[in-house]
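Here is how the chains run, residue by residue.
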Amino acid sequence: MRLPPIDVVEPDVRDLPYTMIRTLDEDGQAVGKWDPKLSADVLMKGLRAMMVTRAFDDRMFRAHRQGKTSFYMKSTGEEAISVAQAMALRAGDMCFPTYRVQGWLVARGYPLLNLANQIFSNAEDPLAGRQMPVMYSARDYGFYSISGNLGSRMGHAVGWGMASAYRGDDNIALGYIGEGSTAEGAFHEALTFATVYRAPVIVCVTNNQWAISSYSGIAGAESTTFAARAIGYGLPGLRVDGNDFLAVWAATEWAAERARTNHGPTLIEFFTYRGAGHSTSDDPSKYRPADEPQKWPLGDPVDRLRDHLIVLGEWDETRHEKLKQEVFAEVRDIVKQAEAVGTLGQSKPPLELMFEDVFKEPDWRIIEQRKELGL
Amino acid sequence: MRLPPIDVVEPDVRDLPYTMIRTLDEDGQAVGKWDPKLSADVLMKGLRAMMVTRAFDDRMFRAHRQGKTSFYMKSTGEEAISVAQAMALRAGDMCFPTYRVQGWLVARGYPLLNLANQIFSNAEDPLAGRQMPVMYSARDYGFYSISGNLGSRMGHAVGWGMASAYRGDDNIALGYIGEGSTAEGAFHEALTFATVYRAPVIVCVTNNQWAISSYSGIAGAESTTFAARAIGYGLPGLRVDGNDFLAVWAATEWAAERARTNHGPTLIEFFTYRGAGHSTSDDPSKYRPADEPQKWPLGDPVDRLRDHLIVLGEWDETRHEKLKQEVFAEVRDIVKQAEAVGTLGQSKPPLELMFEDVFKEPDWRIIEQRKELGL
Amino acid sequence: MPSMNMIQALNSALDVMLGRDPDVVIFGEDVGYFGGVFRVTDKLQEKHGLTRCFDTPIAEGGIVATAIGMGAYGLRPVIEIQFADYILPGFDQLVSEAARLRYRSRGQFWAPITVRSPYGGGIFGGQTHSQSPEAIFAHVTGLKTVIPSNPYDAKGLLISAIECDDPVLFFEPKRIYNGPFDGRHERQVQPWAGHPNAEVPEGYFSVPLGKAALMREGAEVTVLAYGTMVHVALAAIEETGIDADLLDLRSIVPLDIEAITASVKKTGRCVILHEASRYGGFGGELSALVQERCFFHLKSPIERVTGWDTPYPHAFEWDYFPGPARMAKALRRVMEN
Amino acid sequence: MPSMNMIQALNSALDVMLGRDPDVVIFGEDVGYFGGVFRVTDKLQEKHGLTRCFDTPIAEGGIVATAIGMGAYGLRPVIEIQFADYILPGFDQLVSEAARLRYRSRGQFWAPITVRSPYGGGIFGGQTHSQSPEAIFAHVTGLKTVIPSNPYDAKGLLISAIECDDPVLFFEPKRIYNGPFDGRHERQVQPWAGHPNAEVPEGYFSVPLGKAALMREGAEVTVLAYGTMVHVALAAIEETGIDADLLDLRSIVPLDIEAITASVKKTGRCVILHEASRYGGFGGELSALVQERCFFHLKSPIERVTGWDTPYPHAFEWDYFPGPARMAKALRRVMEN
Ligand SMILES: Cc1ncc(C[n+]2csc(CCOP(=O)(O)OP(=O)(O)O)c2C)c(N)n1
Ligand SMILES: Cc1ncc(C[n+]2csc(CCOP(=O)(O)OP(=O)(O)O)c2C)c(N)n1
Ligand SMILES: [Mg+2]
Ligand SMILES: [Mg+2]
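Protein chains in written order, with this note's numbering: chain A, 1 to 375; chain B, 1 to 375; chain C, 1 to 337; chain D, 1 to 337.
Hints were generated in silico from the structure; no laboratory data involved. Computed from a prediction, not measured in an experiment: that's the story for all the values here. Note that beta-carbon positions come from the ideal geometry of N, C-alpha and C, so glycine has one too. Worth double-checking, as some hints may not be accurate.
[What the hints assert, rightly or not] With a straight-line cut-off of 27 angstroms between C-alpha atoms, the simulated BS3-like cross-links for lysine-lysine are:
hint, chain 1, residue 1, chain 2, residue 2
1, D, Lys47, A, Lys371
2, D, Lys47, C, Lys329
3, D, Lys47, C, Lys299
4, D, Lys47, C, Lys266
5, D, Lys211, C, Lys265
6, B, Lys371, D, Lys329
7, D, Lys266, C, Lys299
8, A, Lys33, A, Lys45
9, C, Lys265, D, Lys47
10, A, Lys371, A, Lys45
11, D, Lys211, A, Lys371
12, B, Lys360, C, Lys329
13, A, Lys286, C, Lys329
14, B, Lys371, C, Lys265
15, D, Lys265, B, Lys286
16, D, Lys265, D, Lys329
[Said to hold, decoys possible] Chain D side only, calculated, beta carbon under 7 angstroms to chain A, not exhaustive:
hint, residue
17, Thr66
18, Gly69
19, Tyr73
20, Phe296
21, Ala330
22, Met335
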């Protein structure tokens, strides 16, 4: 698989949307031109962030079953994408997330305690109880405000990137969208604007094969790849093994350099698999074989990076098990701290906060209604 | 230029969006595999319909200058598209028009008097004064209701085609959209649905180079062709000389047969040129060279069909001039009839009609308000 | 008669109409094989086949547009928008196309579509799974808007909506899918079983659009409500012991103006209750209509009890939700004059 | 002081703000090289450059989304939606994103955007170039909605809107771009020249959002209007000789509730005038607010004079448009009590 120069134009890479960029082979070796040649430290940092993300997801899923939170969504099996991208991009860059890229926040060092407090909607909820669990916002960590509605923030990524260019900054934007959500008109409008204004943005389609109960075919996967959408706009499109930490990193670096050097937007389809149910409200056994996750051909991103480190002689099973337990304990302790503050219903932010930030300054309606509530 | 079998899949025709299908060469000869081999009668019928359309446009444009109507839009230079398609498709098929395909109605024999009465918003206005001029609706002529808002009817074409298939009918839908309007999210959603459900629909992008004052680049034309949008969905995309009556016919027949035999949707970009201003409210000299229309390399669709008929020995200059005068007189007389009924402000439909068809049956609000107006 | 919860009643209405009318087709996100995230279309694909009940891409504008095109051909599409909060990407299709098609084409084309969508709060759904957008649709000429408050009405009104040749928004109060919630969230959840309006005939029947239901007859004040709020109103009326006429509007377009004016002329007082935020909400229209038609009968100001003028705040759900306590206050206030 | 029509005043406001604040950028369909279909951005690209004022693709949702993203970065985008009828494809972006961003992110991100759009009828624009959608925006928590009625206010309010850190809908009554139209369409068109509110300072000045203007002081009735309707109201007041307080609301969010209640408490009567169709229109909210706050001062029912509950009918424009005759009738009616 060739590695094209970053100043390619779409006609030179019209074949790429129909192939798949991979670097980690079956034996855990890094092969091919797309190997980003990362240091063992960086790989270890990535492995740990993926493991923390997964451990946290598992813990919170259980917390929901225990009635401690109203809702939760896991990213199991997709951790390589958000973790590698958070590490490959710069502090000044901004990602426009979906609800399935919490790995970004973990990799960027956002306090797990903040996550847990929001998930429990308790007095310390960093978003003051205004948002559901998983709908995070963390500007200082390059993480834009999530909302429940799908697809509608890709255009914000384009505008944000255009503003960066307008100011002469070299910050770039990265937008995430699930394969199912690519059907929304907002996705097309964002790509059209990105194309016309040559915005410094990376459009990432996380194709995890499922949209709640609907197979990726519902968004058109039976007719072509999601990477091929790029050809329709004359943009380079990459199709990448999303469970291959190295490939995700390399593709992201390539697209980021294009954007930063004013070569325009890139669309990347990350081919991955939604290992868990859609959310705590979902029961996947109703619509897909129970063993499908195990049968997934592209493997598990954590295992694959672990095996690679072992092949490199940097890691072994015992150390991995130890790390697993260490991560488990870390997550457990932090969640305990959050539980001490309170879980859903037992504790909540000060009520006045319900009335703040509707506008920069409250108008008479807010002031009167706050009084009506005796505040 | 090869003529692919109608059961091709997109990978077999991935080159077509980057070429242009033409049949009429510089000398007016029909060349190549796409020649639909039409009889002289059919060609004559098409020539006449194009000439009537143009004469009618000119007349109505002047009528606006004389204050007889509130608004008008010409289709000058684009007549081959709507006329050839109206003739190539069947009575049971439905087109979902833009405001620039009045040639369809002319070719299908919709009374010019109806057009004129609507344009004058007079007592005989077939749409009861509820719509602007040019926003026609003529179900019996395979012409869906136009509205001022752009792009939003392409999805109706897809749904209409799906309903035809659901009923087991072989009626197909044809949707028109200007190149500028392809930026609307609704265009993408329609293509996604058409792809996923294999709808019997032809999606026609009339690329006349301009969207009011904006060059086609504003919709992305500098990065690729509009026909290439099809590749993004895995659909066959054709790029056709829209000023070539024969090429328009042939491409339409090819796509129609695909749709009718359940081979799915086709996207066709018709490369043409907006010969006149956007509308009576527009002054193109403000944003494009005055002589650009004359300099347009693909010529005038009427002249090109005329020359072809002459080359075939079926036609000559003198007969053409005679026909021109005949058509002029026909249009003049019909418009006079409409003027006799009344022009804008002098005559209007019965006022009660303002209150009808809001719902199938009026509710108390309509009944009370009608009384309030003394009806 | 079988007892049904609201989900079963809606499912039964769809099942009946699929059986009666081959032009009825049902589609939306996850409604096919899966049967809908709230299970309202459960088993319908299995029973009636893939072409009668199917999944769609995630594009609400595309769903509505497809339905309009099918309707123009002659079908009667019934579409589901998974949450009313997500109807907005389809807003242009509903307003500029569905609502206007009949008028602008002088009756050549129309959109006999039904748009089902779960709406309202009370399930800890946060900002985008809790909103009540009925007011913005009520303002759109050409759209009808229906909101049932119990299983019997849900089935009968949905059948009327499907049979209606105009586009109908059918908002389902998701909080009362499984039981008649009256806003007393600290109490144990009630099932529909045993509730008089949970007795729902198996087969075909309909409840007309535009007729309010008198849920309780009284002399002192008229209460106007719909959806979940009908149950909240009842709780507040019991709590206060105030003798109220309670009208369940059932549809806000068409509106049962006769029933409303007759009641207010009788009682001389009116309290309006809805979940949506107050400013510009449908309560304003109701208040204006009552004031215009009953001015000289009014003993005290018409009151509105509503959600606050903030986005729907996840953790503060019960502070935002206009429950029985707020309603009781208003009832007592209007009785002071 | 120079005399300006409304287009010149708006153009001047944009010119001034482009000059003062490098974060201000202007974009929309045909606004760049061409200067906008109504010429409001005429010459701004030429004077301030391609990156300050530019054309966009035809995708209202994309235009709003791009503006929000730019606003989140720190710019102050001023976008034009060519006609208010075409704002609906961007409705989800305005409601689900622009209006909610500050609240849901607890102030980490916000959308300091101004959405300019010509609205209203009176120009024979038919169904999709004449509508008045202000009511659906007024109901959305987190959005501000401004509507000027004359050149001076247009400039001063637009500058305030641009400087505002909240998303602002700025609806421009296109019928009065060139002259103060009072609804008497059979009369000759009046230019702005000579009108006191057409005297507009060249440079920077602002008119605060949320303050109504008392256009005429009177004792017998309070008239609430905005946009073109302010002029229609004046004509009707003159015609009837009724001594009215006329409040030009200027912004419906925020609303100058003090001015409204003070006036109605003084006059005891109220007539509300707007162009939009009646049902669910903003008049309902105004009527409800006045009734709630001034009930015991009211001598006669609050009246609403509005467009009919039909789509905007091209040929029947003057039958639909709520002109001075309909307004005069209402004024006389309220004076009967
Ligand atoms: C506009 C909108 N429509 C529908 C929904 C309901 N919904 C939530 S998640 C989801 C599936 C999304 O699938 P995909 O885009 O593939 O993302 P994934 O969950 O697989 O990461 C749907 C339909 C929504 N949240 N927003
Ligand atoms: C939704 C919407 N946005 C904007 C407009 C205003 N408008 C009318 S025509 C037009 C240009 C359309 O250009 P194109 O799609 O290329 O069609 P053409 O006029 O060239 O045939 C615009 C922006 C509209 N009518 N509808
Ligand atoms: Mg997915
Ligand atoms: Mg064009």
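Here is what the structure says about each hint:
With a C-alpha separation of about 50 angstroms, the suggested pairing of D:Lys47 with A:Lys371 is violated against the 27 angstroms cut-off. Of the supplied pair hints, the one linking D:Lys47 and C:Lys329 is violated, its CA atoms being roughly 60 angstroms apart against a limit of 27 angstroms. Of the supplied pair hints, the one linking D:Lys47 and C:Lys299 is violated, its CA atoms being roughly 63 angstroms apart against a limit of 27 angstroms. At most 27 angstroms may separate the alpha-carbon atoms for a hinted pair to count; D:Lys47 and C:Lys266 exceed this at roughly 67 angstroms.
A C-alpha spacing of about 37 angstroms is found between D:Lys211 and C:Lys265, which places the hinted pair above 27 angstroms, so the restraint is violated. At most 27 angstroms may separate the alpha-carbon atoms for a hinted pair to count; B:Lys371 and D:Lys329 meet this at roughly 14 angstroms. For the hint pairing D:Lys266 with C:Lys299, the CA-to-CA distance comes to about 21 angstroms; that is within 27 angstroms, so the pair holds. Our distance criterion of 27 angstroms between C-alpha atoms is met by A:Lys33 and A:Lys45, whose separation comes to about 23 angstroms.
Only pairs whose Cα atoms come within 27 angstroms are accepted, and C:Lys265 paired with D:Lys47 is rejected, the gap being roughly 64 angstroms. With a C-alpha separation of about 51 angstroms, the suggested pair A:Lys371 and A:Lys45 falls outside the 27 angstroms cut-off, and the hint is violated. Annotation: proposed proximity of D:Lys211 to A:Lys371 holds, straight-line Cα distance about 23 angstroms (limit 27 angstroms). Between B:Lys360 and C:Lys329 the alpha-carbon distance is near 42 angstroms, which puts this suggested pair outside the 27 angstroms criterion.
Taken as a hint, the A:Lys286 and C:Lys329 pair is broken in the structure, with Cα atoms around 46 angstroms apart against an allowance of 27 angstroms. Proposed proximity of B:Lys371 and C:Lys265 is supported: the alpha carbons are some 23 angstroms apart, at most 27 angstroms. A hinted pair counts as satisfied when its Cα atoms are at most 27 angstroms apart, and D:Lys265 with B:Lys286 does not qualify at roughly 54 angstroms. Taken as a hint, the D:Lys265 and D:Lys329 pair is honoured in the structure, with Cα atoms around 22 angstroms apart against an allowance of 27 angstroms.
Among the interface hints, the one on D:Thr66 holds; its C-beta lies about 4 angstroms from the nearest C-beta in chain A, closer than the 7 angstroms criterion. Interface restraint check for D:Gly69: the shortest CB-CB distance to chain A comes to about 2 angstroms, inside 7 angstroms, so the restraint holds. Among the interface hints, the one on D:Tyr73 holds; its C-beta lies about 3 angstroms from the nearest C-beta in chain A, closer than the 7 angstroms criterion. Interface restraint check for D:Phe296: the shortest CB-CB distance to chain A comes to about 19 angstroms, outside 7 angstroms, so the restraint is violated.
The beta carbon of D:Ala330 is not positioned within 7 angstroms of any beta carbon in chain A (closest approach about 28 angstroms), and the interface hint is therefore violated. With its C-beta approaching chain A no nearer than about 30 angstroms, D:Met335 sits outside the 7 angstroms limit, and its interface hint is violated.
Of the numbered hints listed earlier, those contradicted by the structure are 1, 2, 3, 4, 5, 9, 10, 12, 13, 15, 20, 21 and 22.
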